[in-house]
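Listed in order, the protein sequences are those of chains A and B. Residues in the first sequence are numbered from 144 upward in steps of one, following our numbering. Residues in the second sequence are numbered from 50 upward in steps of one, following our numbering.
Keep in mind the hints are simulated off the structure, nothing from the lab.
Cross-link-like lysine-lysine pairs, in silico, BS3-like; alpha carbons within 30 angstroms at most:
hint	chain 1	residue 1	chain 2	residue 2
1	B	K58	A	K277
2	B	K202	A	K325
3	A	K255	B	K328
4	A	K325	A	K181
5	B	K58	B	K328
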Amino acid sequence: MNRINQKLKEDKKLLSIYFTAGYPDINDTASIIKDLEKNGVDMIEIGLPFSDPLADGPTIQASSTQALKNGMTTEVLFEQLKDIRQSVNIPLIIMGYFNPMFQYGVEAFCKKCQEIGIDGLIIPDLPVDVYHEKYQPIFEKYGLINVFLITPQTSNDRIRYIDSISNGFIYMVSSASTTGAKVGFGEEQTQYFERIGSMNLNNPQIVGFGISNNQTFTQATTYAKGAIIGSAFVKHITNEGISKIGNFVSSILNHE
Amino acid sequence: MKNYNVNEKGYYGEFGGAYIPEMLYPNVEELRQNYLKVMAEPEFQKEFDQLLKDYVGRPSPLYFAKRLSEKYNTKIYLKREDLNHTGAHKINNTIGQILMAKRLGKHRIIAETGAGQHGVATATVCALMGLECIVYMGEIDIKRQAPNVARMKMLGATVVPALSGSRTLKDATNEAIRDWINNPVDTHYIIGSAIGPHPYPDMVTKFQSVISEEIKWQLKEQEGRENPDYVVACIGGGSNAAGTYYHFLHETDVNIIAVEAAGLGVDSGESAATSVLGKEGIIHGCKTLLMQTNDGQITEPYSISAGLDYPGVGPMHAHLCKTGRAEFMAITDDEAMKAGLKLCELEGIIPAIESSHALAIFEQKSFKPDDVVVLSLSGRGDKDLENYIDYFKI
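For reference, chain A alone in the conformation it holds in the complex (with noise of 0.2 angstroms):
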């Protein structure tokens, strides 16, 4: 079984982080990876820069100009995890744009991904109905699960289309904005996480966009399987380096 299913079928929240590979060194990724499992992190995103990140507010931004910079490609990504899984454990997902994994090639890059153990992938602009028609059958015979965003003004038909696609799980985008652009949740996202809840979908759902503390991790997690923190945990090592992932991780969780 995909260890993405394995995690969600455990009784507990769940924690995941995304960070851009290559930022703020280039040799920085796996250690990232094993620091978090280290400090109690469920799943991991590693985001693959992109040069034109259209769904990333500016934090994300920056660390992919910046890791794009330190020299950071597909090819080296793969380089610098071709051993992670003989001593990481817990999902990891590669996050990224279409267009670098369009020229490295579709069935190339899944394949590459089965090779080292990523278990996932999540790509914003490559539209579900397009995955569908023409590369699912790609990504299941590398055993690579496809996980789709949802959003506040995702209509219910279109959420049931995606739950029917998808066989992981759904990525609950908590507002309609780019990445890090609002902090916290109000009434409206009350009422949409508790509106999707009632749907009965047959994937969990795990929230991202929006969260950056305990208070909004509990909150989300109210409603949902778990959350991702992407915007806040860049912040962080971009202020405190690499050194405090642990500190970090604990303020989340509250394991003061």
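Once you have looked at the hints, place chain B on chain A.
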């Protein structure tokens, strides 16, 4: 015969589509479901036609350039988009899209701009309709194009500098898309070229198609036939080209020439000749030809002309290139500047540097004496005076 128009799924051959994050899906889907219906409404058409006539000043003349024709020993007609209000073809599209935005109940308008021509055309129609206007412009372009920034401000628009990436047109486009993600309900995004996710390339093409619609009857009056032997236009994203070609795409006796900016030379590393240097990929929501690294990172193009300085071409043009329907030519900065000055001397018209690229093909390619060549003079050169002054040390 091949189909060069968009198919029901939003593709031109293998190019096009809507490669957008889910956050944009409702906005783009709303537009997709409504744009053809709205454009077909008699009231919409009436208002669009009326504004093009009374406000933009259409039809734009189809001018037989006698001295230019004599010089190159062929029959050259110039489609005078430079005489439109705001000085270029851009306003055909912004008039159409502002009416579309109103029909869809949007009251906040965003746009991207490179040189500022599309920004000015958008700010103009927003003033006309009394709608809020936010224009994203690369920080570097804001410095390079001060007069257009002032124009937009006078017209009531807010100009927001794009500070990300290379701080030029492609980044301004990214910022506009991000704004739309953050404002999904009340905002319409007026894309300035025949790019973006479906239905934008088709919608922009249809609004610009008034250019070739007029060429047909104007040429009939002057030459006794609707179809020229050649239609010629410069291509950045490709909206003036799309409008110039549209009614001739399936007329097999009409040859199509697309003129890209070679910058300092196609192989110089400082170029915007996407058809030569680009590969298939995804940019700003569509699959098309674009300039990128082997690793799939989008690269910065270069051209002296800000309007052609874009790393991709619209998906329709990618299809015209791949199928061989259009002949693509590349013109350097130097060739374009000289051709621009030649038009001043021979015809008393100062062209935009974008249009000067199209004019430069006559030095590269020979036409027969009785060939009828219609060239889209997409914009006037007022905005480029500083460039011309610097280049020719006037």
